[in-house]
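Asks: So the sequences go chain by chain: Z and B.
Quick note: the first sequence, position 357, residue 357 per this note's numbering, numbers continuous.
Quick note: the second sequence, position 98, residue 98 per this note's numbering, numbers continuous.
Be careful, since some hints might not be right.
Since the list gives no way to pick one copy over another, a pair counts as held whenever it fits inside one copy or between any two copies.
To be verified - Pairs of lysine to any residue residues, derived as SDA-like cross-links and limited to a Cα-Cα distance of at most 20 Å, are as follows:
hint: 1; residue 1: Lys-20; residue 2: Phe-345
hint: 2; residue 1: Lys-61; residue 2: Ile-107
hint: 3; residue 1: Lys-20; residue 2: Gly-198
hint: 4; residue 1: Lys-110; residue 2: Asp-383
hint: 5; residue 1: Lys-52; residue 2: Ala-88
hint: 6; residue 1: Lys-28; residue 2: Met-56
hint: 7; residue 1: Lys-28; residue 2: Lys-363
These are computed hints drawn from the structure, not numbers from a lab.
Because the structure is a prediction, the values reported are computed rather than measured.
Number of protein chains: 2
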Amino acid sequence: MENVMNSEVDIKALMKQIGKQAKAAAAKLALAPTAQKNDALINAAAEIRAQKKSIMTANNKDMAIAEGRGLTGAMLDRLKLDDARIEAIAKSIEDIAKLDDPIGDVIDTKERPNGLQISRVRVPLGVVGIIFESRPNVTADAGVLCLKSGNAAILRCGSESAHSSRAIHKCLVTGLKNAALPEASIQLIPTQDRAAVGELLGLSEYVDIIVPRGGKSLIERVQNDSRVPVMAHLDGICHIYIDEDADLEKATNITQNAKLRRTGICGAAETLLIDKKIAADYAPVILSRLQDEGCEIRADKMIKEIFPAAVEASEEDWTTEYLDAIISVRAVDGVQGAIDHITDFGSNHTDSIITESAEHAEKFLNEVDSAIVMHNASTQFADGGEFGMGAEIGISTGKMHARGPVGLAELTSYKYQVRGNGQVRP
Amino acid sequence: MENVMNSEVDIKALMKQIGKQAKAAAAKLALAPTAQKNDALINAAAEIRAQKKSIMTANNKDMAIAEGRGLTGAMLDRLKLDDARIEAIAKSIEDIAKLDDPIGDVIDTKERPNGLQISRVRVPLGVVGIIFESRPNVTADAGVLCLKSGNAAILRCGSESAHSSRAIHKCLVTGLKNAALPEASIQLIPTQDRAAVGELLGLSEYVDIIVPRGGKSLIERVQNDSRVPVMAHLDGICHIYIDEDADLEKATNITQNAKLRRTGICGAAETLLIDKKIAADYAPVILSRLQDEGCEIRADKMIKEIFPAAVEASEEDWTTEYLDAIISVRAVDGVQGAIDHITDFGSNHTDSIITESAEHAEKFLNEVDSAIVMHNASTQFADGGEFGMGAEIGISTGKMHARGPVGLAELTSYKYQVRGNGQVRP
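Next comes chain Z alone, as it looks inside the complex (with noise of 0.2 Å):
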């Protein structure tokens, strides 16, 4: 959309246009055979191995611009975009064409007394709006599974990526046109003006869903202003229990993973909690084994008694999401001590109890509140791919719609086809 680009146009004309033009695009790519958006996804990966050194010069620009504004290691890291992974990029499309097409699926049919027929069956949820930061992949991912799904997007890109993104999405447009689906199937908002992301969170009559991804002010923003509905995690605080009945070995080697196989993920554990009865034995086996790998302990009193090297925890460590190597470790009463304090404290996002105890195991299944809980597993499984979902655009911990991974089913809705031989309502 070259016109899209132009700065000088209203932004609130333009977006508005923009949720038309999408809104037109959902009501043909509802329809669209799968056949037909595979045909597009395929195109787009095939295009954008093709355009590998326009979308690398891009890339140049971005990574120029944000050296010149001082942005740090990691974030340079997460915007610089190589051979590989472009190719990445391009493969990963080539696997969201090969996932199942939910759209059509039946989710159950009944036949009622009086002989009507009575079918859920998928559709999609019309226009999908999504707000990301950074690395400039998620234009590609996002805009895929919204076309796999039948839906269509609207990406808004963080300003650091805005030239990576936009040859990225040429080549999107470029594998639409080829399967000859409407371009405006995945349009790409202007970064220049910050006043788009705030039209986007008021387009209700456009569009039906905002799924932000990005850092804790984005989603807040979003969360706040939005009138749209938004799919979106704002924290992941997750916890590990350990159980007086936890099988020691399990405890540390999951703690271990759940805090560092990778710290800045959502589902990263931030917070410990062990029980009172068995902290003296426990948690120097497994404090050390964190300790050693380079992880920062901030334990409450009895737990610093037990392991005097941690530092002591404040009562603000309770909320807080590190996405780093520190943990925080507290000593509960127990089951029930476990479940209080992840109330009080979590985000409702994956929690997880490490206990032989079945009886414990159900009791923390059932009473933790959170999109995900787990029993003798590690919190960074979760994620769409390790769900067998095949891909994510998120995790939600909202209640409403979907909760836990945003795979292609959760980006579905469904609509009652009933079929009849001629009844009339008594």
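Take the given structure of chain Z and dock chain B to it, following the hints.
Replies: Then chain B, alone, in the frame of chain Z:
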């Protein structure tokens, strides 16, 4: 809640307190066993029978005020209670007690290659806000559907039914108390202060979903102002399309039923579309039948020529929900013409095609973007009871969360329960 009725308290603080109480009650309800919830319901039904006299006294007050305000006959009738209606309220509560409890249902389970067992289990949404008008029985229906599905309810009745609703609500609270469930599981908010509705719509910290039931202006206000997700439908502009391959007898009977069985419900047909090719043959038969039964016909030019007794329709007729014995009629170009008309003028509620052509039927069922699409059946079947759900709180035309009739299952969310034996993510 006696304190709730004190109009001198600051309404903002009061509503916040109600929200907080509801959230605390919801946490307990989420874990309440089915038997305990049913116990509360059966107790409430018994109390309604026992309190028949005081409910009638309260209703007489409402009726006197309504008559004084000059309310119309239909509205007075909706407001009026008598022995039979009170018995029906008690019976309806008992019927909901008999329905299957959706909470705890395992929606699906899969085992991943690494041995993780991943199940989706139904949990309540949390706190449901319901805003409704005139009919006092909704107090019981709405509160009881929420309770059975493990949700706390915050009810706001119309000021006309304030005394009746309060008397019925008192019986529900007695039921809760007798079953040792929190009294705040079902709260009724004051009707004196009109600001209460606005406050409720802003309680996104405590309220998970708002369900408005009432006239267009109420729904419109709620949909525009709510910071909490809304499930509702604004209009029920339902269509019957008579295809060229329709069976004339079915077409006539279904149209008569869809329009006239009850004209005041949202599933009543408001517009009849007839394929041009058979209009001259079919329209006179179908329209005479309607006219004979007292229905006003508002037709486009072509139909008016065929059936001169019709009034000429204006553009406005295609978007008017008459809720009365009036029908708009238009000739269209085949099934595609019908789909186009419904896309332009429909309200995504319920639409039905009458045809013996499987091909035309499937095209209509797939391409009409409404919550409920039908083939050879009356639109008056658009009802949770008729769909086998036992009871409904309304019909949703939005695509988020639930679409079509909203029954017990639609008032739930889910959580993922993941069972492992020590798995860590590679």
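Asks: For every hint, state whether the structure bears it out.
Replies: Results for each hint:
no.: 1; hint: Lys-20 with Phe-345; in the structure: between (42 Å within a copy, 17 Å between copies)
no.: 2; hint: Lys-61 with Ile-107; in the structure: neither (47 Å within a copy, 49 Å between copies)
no.: 3; hint: Lys-20 with Gly-198; in the structure: within (17 Å within a copy, 30 Å between copies)
no.: 4; hint: Lys-110 with Asp-383; in the structure: between (33 Å within a copy, 15 Å between copies)
no.: 5; hint: Lys-52 with Ala-88; in the structure: within (12 Å within a copy, 70 Å between copies)
no.: 6; hint: Lys-28 with Met-56; in the structure: neither (33 Å within a copy, 56 Å between copies)
no.: 7; hint: Lys-28 with Lys-363; in the structure: between (47 Å within a copy, 14 Å between copies)
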